[in-house]
Amino acid sequence: EKKSIMHVMEDKGVNPKSLQHYFTYQYGPEPETLTIDVNKIEPGHYFVKEIGKEMEIHRYWNPYFNASSATKEEHIQAIRDVLYDSVKVHMRSDVPVGSFLSGGIDSSIIASIAREMNPNLLTFSIGFEQRGFSEVDVAKETAEKLGVKNHNVFITAQEFMDEFPKIIWHMDDPLADPAAVPLYFVAKEARKHVTVVLSGEGADELFGGYNIYREPNSLKMFSYIPSPGKSVLKALSGALKEGFKGKSFLERGCTPIEERYYGNAKIFREEEKA
1 EKKSIMHVME DKGVNPKSLQ HYFTYQYGPE PETLTIDVNK IEPGHYFVKE
51 IGKEMEIHRY WNPYFNASSA TKEEHIQAIR DVLYDSVKVH MRSDVPVGSF
101 LSGGIDSSII ASIAREMNPN LLTFSIGFEQ RGFSEVDVAK ETAEKLGVKN
151 HNVFITAQEF MDEFPKIIWH MDDPLADPAA VPLYFVAKEA RKHVTVVLSG
201 EGADELFGGY NIYREPNSLK MFSYIPSPGK SVLKALSGAL KEGFKGKSFL
251 ERGCTPIEER YYGNAKIFRE EEKA
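Residue numbers for the sequence shown follow the UniProt record's numbering, so the first one is 1 and each next one is one higher.
It should be emphasised that the hints constitute simulated quantities derived from the structure, not laboratory data. Accuracy of the hints is not assured; some may be wrong.
In the BS3-like style, the derived pairs of lysine-lysine whose C-alpha atoms are separated by at most 25 Å in a straight line are [said to hold, decoys possible]:
#, residue 1, residue 2
1, LYS40, LYS3
2, LYS72, LYS53
3, LYS40, LYS53
4, LYS49, LYS12
5, LYS17, LYS273
6, LYS166, LYS149
Start from the sequences and build out the full structure, keeping to the hints where you can.
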């Protein structure tokens, strides 16, 4: 935890480079943090530090992007096998194990697999008082279909305000993801019943958990427009007032797909930060 290092640091200044990244991606990517001279170990790496020697950082894993000749059915089975193996490993515990359950694809898959390994699995869900912002009803329905017990708790606006400073403290570095708030409260509730909990966090990119992933189909029409034409249309979209119907659709349709993808999380565009 970075906060433990901060106690012995003299310079606790803000890292301007990481701050710029935060205003784009909603977080500060590894290896830097928002604090000067404090770095994180990048994913797939480990370090070795011996007395009297410089710290050595080693990479132990590389992503594999080579095309596969496997069929769709073989890919589905491979994903299923990996999921089962992962849940099985995480279910090995001498203490009670539970699972978060929102009713979405990711947490439902994990809870379903965990239920096969532990029929007495406990699941946990979080809800809000405001209508339209709570997933508890869907989670309860999913729990009934899976045959698992579901613990749910509703949080109020006042509870959020009371706990907000503590949520920020636990983060070390800021993270502009509103899901961090319900995650904190559901973890707090789960701790009353279990010691280990499984989560579907981070799986949306694998299982299409966001509606934004349907967008490329609606933007296919732009693939027939030559690049010069797209440039003109994009410039036109920039001249339209904010809130003008179709402005965002036009802008995204004229933007390369890779830029649209990482742009989903942007707070500010580069020209806005400048």
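A quick look at each hint next to the structure:
no. : hint            : verdict
1   : LYS40 / LYS3    : holds (13 Å)
2   : LYS72 / LYS53   : violated (50 Å)
3   : LYS40 / LYS53   : holds (19 Å)
4   : LYS49 / LYS12   : holds (24 Å)
5   : LYS17 / LYS273  : holds (12 Å)
6   : LYS166 / LYS149 : violated (29 Å)
Consistency with the previously given hints fails for numbers 2, 6, ordered from lowest to highest.
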